[in-house]
Structures are given as structure tokens and as C-alpha cells.
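The opening position of the sequence shown corresponds to residue 32 in this note's numbering, with each subsequent residue numbered one higher.
Since the hints were derived computationally from the structure, they do not count as laboratory data. Watch out, some of these pointers could steer you wrong.
Unchecked claim - Pairs of lysine-lysine residues, derived as DSS-like cross-links and limited to a Cα-Cα distance of at most 30 angstroms, are as follows: (1) Lys190 with Lys235; (2) Lys235 with Lys202; (3) Lys202 with Lys143; (4) Lys151 with Lys63; (5) Lys154 with Lys36.
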Amino acid sequence: MEILKTKNVLFIEDNDDFAQNFMTLLELFVHKIWHCKDLSHARDIFTREVVDMIICDIKLNNENGLSFIEEVRKFETRMPIIVLSGNKNEEFLFRAIPLNLTAYLLKPIKYKDFVASLEKCAKSFSKTETILLKNGDIFDKHNQALHLKDGTTIELGKKETAFLKLLIENKNQIVTKDMIIESVWNFEDVTEGAIANFIMRLRKKIGKNFIHTVAESGYKLGI
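Kindly produce the complete structure, drawing on both the sequences and the hints.
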């Protein structure tokens, strides 16, 4: 599970005592933990920071953690997510099934179940950490970099990484501007001109052949 030492966790839990005990154990395995007590704070952290995995309680005062996870899954289909629950509520279980969860842990959480869930997270990272492109370049999502086949490494920003990830994951279809606003800008207001300027700067950085423009439709992976 050494790979987890490089990962940042968004931990959403409103019970202070449980959160402190849980984080004392969790910090032995991961790089950084952001603890949030409500979904508003969680959305803010998720938007501003590089989050690699999520651990979320379901019942958060008057909120439901599954609502946040449903939002995340709209544009983060593979991110490891562990859900915590205080009971075997069938409604929660059925709602959680389509969310592709790494684990669904019932409180009080047993140590062996906790470790097993982290091992699943580690395995998922090992499978998706880097992507070999057909031209020989390597896209490194976690380190936000593009390793060219000539040995050059191009450092990427958070939005640049999110955009390339979107292109690569949808390599056989057109990436629309709505998809870009959702995945790269997290639904923030952004003009078409701002998107065009962003892509123009990225093309200068990584090469014009990487991104192919589809007239009046969007963009596709060009390599």
C-alpha cells in the first residue's frame, strides 16, 4: 500500500470523536487528510485542492453524503470512494450500488475491514496512475505531468490535467463544451472565449496535434 503515501484524502464526517480516532489511524497510510463536517466545505475543498480519494459518512446532520458522491461521480468515475454508515439502511444500500464504491463500511469499523478497503484503493491507483498513449507519451494524472517519449516532462496545472484526463477517457467521442465546464471548471461560469484561450495555451505547451477541434461540436484526442 506504499502508493497511498502519495495520496490526499477528503474525509467527510460530522462526529468529532469518531473523526479524530479515525484520522489517527488513517494518517498512518496516506499523505494528507482534509476533514470536513459538512458538504459545503467538502465541495470547496474538492474544487480547490488535488483530492485523490474520498471517505464519506452518509448521515451528516441534515445532509446525505451520498448526494455529494453522486455529484462527484458525474465527472470522476474511477476515484476510490469509501462510504461509512451507522446502519444497514436498505434505501442507502440501493442508492449506493450505482456509485461504484470501493467499500461500504458499517460502524463500528473493524480494523481488518478498514485495511482491506485501503488495499482496494491502492490497487485501483496502481491500475490508473499512468496512461500510455498510442504515440508513446505517458500521461501521469497524479503527478500532473505529461512524459514525452523523447524523455521530456511537461508539468501540467490542475485544469490542464483535468482537461487531458477528460479527452483521454473519452478518446472515441467528442468532448463538448458542457463536458469541459462540468469536469474542468466544476460548473463555474466560464465563457467560450475563456475555454478557447485555455486550449490555445495548452496546445502551445504540449503540441497542437494533441487536441483536435471538431467544428461547432467540441474537441477530441488528436493522437
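Here is what the structure says about each hint:
Pair hint Lys190 plus Lys235 holds up; C-alpha atoms about 15 angstroms apart against a cutoff of 30 angstroms. At most 30 angstroms may separate the alpha-carbon atoms for a hinted pair to count; Lys235 and Lys202 meet this at roughly 21 angstroms. Taken as a hint, the Lys202 and Lys143 pair is broken in the structure, with Cα atoms around 39 angstroms apart against an allowance of 30 angstroms. Distance hint between Lys151 and Lys63 is fulfilled; the C-alpha atoms sit about 18 angstroms from each other, no more than 30 angstroms.
Between Lys154 and Lys36 the CA atoms are separated by roughly 13 angstroms; this keeps the pair inside 30 angstroms, and the hint holds.
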